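Here the protein sequences come in this chain order: R and P. My numbering applies: residue 1 is where the first sequence begins, and numbers increase by one. My numbering applies: residue 1 is where the second sequence begins, and numbers increase by one.
Some hints could be false.
Now the in silico label distances, taken between C-beta atoms and shown as ranges [unchecked claim]:
#, chain 1, residue 1, chain 2, residue 2, range
1, R, 171, P, 310, 39 to 47 angstroms
2, R, 16, P, 138, 39 to 47 angstroms
3, R, 52, P, 100, 45 to 53 angstroms
4, P, 295, R, 113, 14 to 22 angstroms
Please keep in mind that the hints were generated in silico from the structure rather than gathered at the bench. Small disclaimer: the values here were computed from a predicted structure and weren't measured. Here a beta-carbon is modelled for each residue, glycine too, at the ideal position from N, C-alpha and C.
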Amino acid sequence: MTGSRRYRLGASPRGVICAVLGLVLLVLVLWGLVLPLHLSGFDLGRAWAGPSPDHPCGLDGLGRDLLARLLVGTGTSLGIAVAALGLALALGLGFGSLAGWCGGWVDALIMRSVDVLMGVRELALAMVVAVLIGPGGSAIIVILGVGCSPLLVRLVRSLVVVQRGQTHVLAATALGAPPLHILLTHILPNIAGPIAARSAAIIGPLVQAEAAFSFLGIGIQDPFPSLGTLVRDGLAGLRSGPHLIIAATAMIFLVALTFTLIADELRDALDPRYRSRTS
Amino acid sequence: MIRFPRMPGCWEALGRRLAEAALVLGLAVVLAFAMARLMPGDPATVMMDGQGTDPALVRRLWGAGELDLPLWRQFVDYLTGLPGGDFGLSWRYAGMPVTTLIGEAAPVTLLLVVATLTVAVPAGIAAGIASAHRPGTWLDGALTVGAVLALSMPPVVLATWLMLATPGRLVVSLAGDWLGDLAGLMAPVAALAIAPIGIVARSTRAQLLEVLGHDYVRCARAKGLSALRVMIGHALPNAMVGVWAVVGTLAGAILTSTAVVETVFNLPGLGRLAIEAVLARDYPVAGAVVLVFVLVQVTISLAVDLLIVAIAPTDRDTLDQP
C-alpha cells in the first residue's frame with residue numbers, strides 16, 4: 001500500500017484479457033465499417049440457413065447475411081451508447097460545474113431537478129420519450145443520455161465543490177481569472193480522471209440498455225440492425241434458426257463483458273484510492 | 001425494533017424528501033394526462049385502427065366520450081378520478097377501463113420483482129461475505145470472476161439462453177395453480193436475478209473490505225470473537241448501509257428488465273403492457289403505467305432512505321448528499 005505505486009497495463013491477468021477483448025471488439029466493429037457487406041441482399045430461398053463457407057454465421061429469416069448484420073449491428077449499438085454518453089457528459093459537465101461553482105439557489109435548483117430525474121426511472125422515461133418523439137435512434141439516445149446524466153451531474157458537482165476550495169483555484173480567482181477560464185484550465189484537468197473512470201463504467205450498462213430497448217421496439221427500427229433488434233428477429237425464429245439468437249446474444253455478452261473489464265481496469269488506473277482499498 | 005434518532009436535521013431532510021416525492025408525483029400526473037390528451041392522433045382513429053375512418057363514426061365516438069369537453073374540464077375530471085383509481089378508458093381495447101388492464105398485469109410484475117429481490121439480495125450478500133472473508137484466495141478470485149460474468153449478463157441474453165436450453169419445457173402459465181406458477185417463474189426470475197446478484201456481491205465485498213480495516217473490527221478480533229461473529233455481527237451492519245443504497249437503485253433497473261423478460265417468456269405483465277401501449281399509441285394506458293412506475297420508484301427510494309436512517313443514524317447526512 002505504498003502511495004506511489006504506478007499503474008501498469010500488464011500487471012494483472014485482467015489487464016491482458018481486457019486488452020485482447022477490446023482489440024477483438026475494435027477489429028469487429030472496424031470490419032463492419034470497412035468491408036463491402038451485403039446488408040440488404042436477400043436470398044429468401046435459403047432463409048434460416050445455417051453457417052456455410054460464403055455466409056460464416058448463416059442467414060436470417062429473410063435470407064440476409066447474419067455476419068454482416070451482426071457486425072453492423074454491434075457498431076450501431078456501440079455508436080448509440082457513445083452518443084448517449086456524450087449527451088450525458090455534456091449535461092453532466094454543464095449543469096454539474098454550474099451547480100458546484102455557483103452554489104446557492106442555482107445549486108439547489110439543479111440538484112433538486114436531478115433528484116426528480118432520478119425518481120423517474122429508465123422505463124418510465126423511455127415511455128414518455130417514445131411517445132413524445134416516436135421510437136427510433138434519436139429517441140434511444142435521448143432516453144439513455146438523459147437517463148444516466150444525473151450520475152454525472154452529481155459526480156461533477158461534488159468534484160467541483162472540492163476543487164473550488166483549493167488554494168490554486170483561490171489564487172486564480174484572486175488574480176482575476178474569469179470563472180470559465182478557471183473551470184477549464186485549473187479545475188477540469190484535475191477532475192478528468194474520476195469522470196473518465198465513471199464514464200467508462202457507464203458504457204457497458206448503456207450498451208445493455210440499448211439492446212433491451214431496441215429488443216422491445218423502442219430503439220433502432222427495422223431494417224437497420226442493432227444488437228437488440230437482432231435478438232428480436234432471433235426470438236421470432238427460435239425454432240427455425242437458433243444460430244441467429246445465439247450469435248446475437250453471444251455478441252451482447254462479449255460487448256458487456258469487455259466494457260465491464262475495461263471499466264474496472266480504468267477505475268484502478270485513474271482512481272488510486274480504489275486500488276489501495278481493494279488490494 | 002427500529003428506533004429513529006431524535007435529530008432535527010434528520011427529520012428536516014426526510015421532510016424535504018417527502019416534499020420532493022410529492023412534487024415528482026404531481027409532475028407525473030400532469031405528464032400522464034398530457035400524454036393521453038395532447039398527443040397528435042385521436043382515440044377514435046386508434047380504436048378503429050385498420051378499419052378505415054368513417055367521419056360520421058369518428059364523430060360519434062368523440063361525442064360518446066368526454067373528449068368534446070374543454071381541456072381544463074378534462075384535466076379536472078382526470079384528477080377527480082385518480083383517488084378512486086379511475087384512469088379513464090383504453091383506446092386500443094375499446095370500452096376497457098385502464099384500471100382493469102393494470103390490475104390484471106400488476107400482480108405478475110410485482111411477483112417477478114419481489115421474487116427477484118428475494119433471491120438476488122441474500123445470494124449477493126452471501127457471495128460478498130464469502131469473498132471478503134479471505135481476500136486474495138482462490139474462492140475470492142472465483143467469486144470475483146463470477147460476479148463480473150454475472151453482471152455482464154443482461155436479462156435478454158440469459159432469458160433466451162434458458163429458452164434454448166430447455167426447448168418446449170418452459171411453458172409459463174399463471175393459471176392460479178401456485179405450485180405450477182412457482183415452477184414457471186424459475187426461469188424468468190433466474191434471468192432477472194443474475195445481474196443483480198453480481199452487482200450486490202461486488203458492492204458487499206468492496207464495502208466489507210473497507211469496514212474490515214477499521215479499528216473497531218480489530219478490537220473485536222482482539223477480544224477473541226470468532227471470524228464469523230466479527231463479520232456478521234460487527235462488520236456487516238455497517239457495510240450494509242452502502243449495499244442498501246445499491247439495492248435501491250437496482251429495483252428501478254429490474255423494472256426495465258421485467259419488460260424484456262415478460263416479452264421473452266410471454267408473461268402478461270406490466271412491462272409488456274407498457275411497451276405495447278406505447279407502440280400501439282394507447283396513450284391513456286401508457287400514461288397510467290408511467291404514473292404507476294413513478295409511484296413505485298418514489299416509494300422504494302423513500303423506503304431505502306428511511307431504512308438507511310434507521311440502521312445508521314450517523315449517516316443521515318447521506319440524505320443531504322448531492
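Evaluated hints:
For residue 171/R and residue 310/P, the Cβ-Cβ distance of about 45 angstroms falls inside the hinted range of 39 to 47 angstroms, so the restraint holds. In this structure the hint that residue 16/R and residue 138/P lie 39 to 47 angstroms apart at CB is violated, the actual value being about 19 angstroms. In this structure the hint that residue 52/R and residue 100/P lie 45 to 53 angstroms apart at CB holds, the actual value being about 51 angstroms. For residue 295/P and residue 113/R, the Cβ-Cβ distance of about 20 angstroms falls inside the hinted range of 14 to 22 angstroms, so the restraint holds.
In summary, the structure is inconsistent with hint 2 from the numbered list given earlier, while agreeing with all the others.
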